[in-house]
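When you get a sec, could you build the whole thing from the sequences and use the hints?
Number of protein chains: 2
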Amino acid sequence: MDLTLRSLESMFEDQRESFFERYFQLLRFPSVSTEPHYAADVERCSHWVAEFLQSAGFTVERWTGAGHPIVFASWAGAGPAAKTALFYGHYDVQPVDPLELWQSPPFEPEIRAGEVYARGAQDNKGQLFYTMSALCSILKHRGALPMNVKMIIEGEEESSSAALKKMLPEKRDQVRADYLAVVDVGMKSLARPWVGVGVRGIAAFELVLHGSDHDLHSGMVGGIAYNPNRALVELLAKAVDENGRVTIPGFYDGIEELPPADRAQLCMGTTADESLKLLGVAPFGGESGLSIEERVWLRPTFEINGLNGGYTGDGFKTVIPARASAKISCRLVPGQDPIRIQELVCKFLEAHCPKSMTIEVRKLGSGSALRTHPNAPIVKAAVAAFSDVAGTSCGVALEGGSIPISLDLSEASGGEIVFFGYGLGDDQIHAPNEHFGVDRMRRGFLTVGRFLAHLAGSA
Amino acid sequence: MDLTLRSLESMFEDQRESFFERYFQLLRFPSVSTEPHYAADVERCSHWVAEFLQSAGFTVERWTGAGHPIVFASWAGAGPAAKTALFYGHYDVQPVDPLELWQSPPFEPEIRAGEVYARGAQDNKGQLFYTMSALCSILKHRGALPMNVKMIIEGEEESSSAALKKMLPEKRDQVRADYLAVVDVGMKSLARPWVGVGVRGIAAFELVLHGSDHDLHSGMVGGIAYNPNRALVELLAKAVDENGRVTIPGFYDGIEELPPADRAQLCMGTTADESLKLLGVAPFGGESGLSIEERVWLRPTFEINGLNGGYTGDGFKTVIPARASAKISCRLVPGQDPIRIQELVCKFLEAHCPKSMTIEVRKLGSGSALRTHPNAPIVKAAVAAFSDVAGTSCGVALEGGSIPISLDLSEASGGEIVFFGYGLGDDQIHAPNEHFGVDRMRRGFLTVGRFLAHLAGSA
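Residue numbers (this note's numbering), protein chains in the order written: chain A, 1 to 459; chain B, 1 to 459.
Just to be clear, a hint being listed does not mean it is correct.
The list makes no distinction among identical chains, and a pair is therefore deemed to hold if it is satisfied within one copy or across any two copies.
[Claimed, not checked] Lysine-lysine pairs mimicking DSSO-like chemistry, simulated, CA-CA at most 27 Å apart:
#1 Lys-277 - Lys-355
#2 Lys-83 - Lys-140
#3 Lys-355 - Lys-188
#4 Lys-380 - Lys-188
#5 Lys-277 - Lys-188
#6 Lys-166 - Lys-363
#7 Lys-171 - Lys-188
#8 Lys-380 - Lys-83
#9 Lys-238 - Lys-355
Hints in this document: simulated from the structure, not taken from any laboratory.
And the structure:
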């Protein structure tokens, strides 16, 4: 089967216009999975994805009933002796607030200076679309794929993948695969591409401190009422010390050290200047005395994602609020069991809850960290594909983010896992003005094709 | 002039129906001074107040141009030799959020179990209305007042009285008075009334910490980005120590100790049980080792009125926000200069701002604390009036809240000041479901009449 770079390039150019039309259609669905009032849009989006794959020749199922629908597609035309590759992506997106900071509406994609601006432009609709499109195009134009292919495309990645987690155990036979590619990550720069061999895990929480049963007047009782805002500040300040180290007992226990040989293969050495330039952030957070990659890839965190209490509107209001709350998440690394970390965090917060406050800690979601060996066949195929498209060498890296579902997918499919994608540090995913490059969509298409060729041994 | 309790009682009963009708009219104006979109309602409310006083025989002016209108009313019929009493109140109210916690709409007054529920039912429209109504009724039914009377009714008390503060210096001749009654406070219980001889001052702030110029992904940069939420928590935790003592250098300098004789006159001795019952709050806040009254009346505070940063909606969002903010206010006591305290607080916050954050501290408003001697004639007249109406003895007290304008009023008018009113600890002022008693409206009417009689020496 002709899957040379050149033939994939003509395949892409021949359909460039409809490719971007379809991509924009996908971006227009406000498929925000965490906000219940978008449920109908999430549903419509899942139908669109299913139809796209079905019309190209995939056998498609929509798994419903456990949450937002999961689209499962498969093509087994290579026969039972051939190996199977499973691709994972998601069609749901993050919330869009603060809306006023968007330069163009988040669900009306717009191209400015070669970048597509929209919520999900990168995470994950962009990367999902070039993957689906490459697989469908090869199937349509070559009449077959070089190996068996499956796809799982879920609608709850941004809210802990609850439905898929619940369904995977009973779908083990269907999702079984030799290789598993999670196309939902990025690299430091296009000039020096990398593929990912691991992600951090996560454990998320909501913390609420209740004081009085109603808001109080800060004059009438200021001096005797314990202010929940103060209690929250005192409690959260205790969780991390002045060196950026998490103080929760047992938090760092059992963390797997990376063997020196593996460590040497990783693309490390980001400087503080690069951090500032690529991420818009000076590296002053986290544990002191460690390199940037160590802190983002190899060490866990305790992060306050949201703070809320009392009056936050215009002017001021002399209130001692009835309650104050925080959203918290910990990034985890191999060796940390998310369930155990959840227990440790809850226990710590409850133990340090200031006197007279009622504390409520809700566990929101969790997932383990995951690492594949850099010399595994799937890693080699991905590295080769990225090298082909970039015309340069490709390294391996870890990923600081979490894809909570990746461990479940890896266990259910039994496949070797790799993480790749064309995300870059300043794509503003999870933030206003998310964007993704027009040319990266093209590269993604080519890379998926070449990856499949290398994996099937038909490169 | 017949201003006996009995004659005032018939005067009230004869007009009971129209009294509550008018009171409800006043409550229906959503005159929230801190939120710009209510400006037209604030304006309409000021006209209603002005017309109410004018139709009873007062000479009325509306002072405009410096902010929300101020209503100034005067009656000088007692002649230049007679003394003048100046009453102060305000027609603006606090914001109403969280709206969903109100059992009936905040601007549609409703009587339940003898209490009127509405924003401003007590603070200050209720207390303002019984005051205005008593003065107007005496003037209409007796044809005169027993002494000269002035009223200043402003529309910005809940947002620092900026307009009145600005105008008072140029209105000194008009507002000159021998006595000044601020009818905007309360007492511990109706069974043991008190009048106030002092208020705490205030200094308010908005604090914003800026990290990156956009929201960041807590996976991609968690471990290197300094999270503004964490920076805010660390910074604010430093301002108060584990004994509830404010750590800001110089904060307690110069505080005037109350002489033991004056201290003995104060209605002290609230127990922890009473605090819990009357205020819905166990006395675990503030400085340890001090009595409840000391903490609320004689000591300053550092209170976090609002906290806001990152994602606070449903579910969670793995964000490291670009900024986090807090609203802060300090209650002050005699001897603390608000301007100096503002400088000290700003200096402290700026000095402890975590590395890599940009800090912005805005001064929002301030006012000094104030105390009158418990044996001053105006205090005696007020104590006598409350005794008459309650049929029991009346004490003196301080007030933990602040009426930032009271010092300006006291200086501009040159009058002896007293603070009184029928507020109770569980009226939920500044909170959802604010309410005020039907019978307290009656008592207020009678008390204002008797106060005037005692003050004029015609009791």
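Each hint, compared with the structure:
no.: 1; hint: Lys-277 - Lys-355; in the structure: between (45 Å within a copy, 18 Å between copies)
no.: 2; hint: Lys-83 - Lys-140; in the structure: within (20 Å within a copy, 99 Å between copies)
no.: 3; hint: Lys-355 - Lys-188; in the structure: between (47 Å within a copy, 25 Å between copies)
no.: 4; hint: Lys-380 - Lys-188; in the structure: within (19 Å within a copy, 77 Å between copies)
no.: 5; hint: Lys-277 - Lys-188; in the structure: within (11 Å within a copy, 60 Å between copies)
no.: 6; hint: Lys-166 - Lys-363; in the structure: within (17 Å within a copy, 52 Å between copies)
no.: 7; hint: Lys-171 - Lys-188; in the structure: neither (35 Å within a copy, 67 Å between copies)
no.: 8; hint: Lys-380 - Lys-83; in the structure: within (16 Å within a copy, 97 Å between copies)
no.: 9; hint: Lys-238 - Lys-355; in the structure: both (15 Å within a copy, 18 Å between copies)
This entry does not satisfy hint 7, going by the numbered hints stated previously; all others are met.
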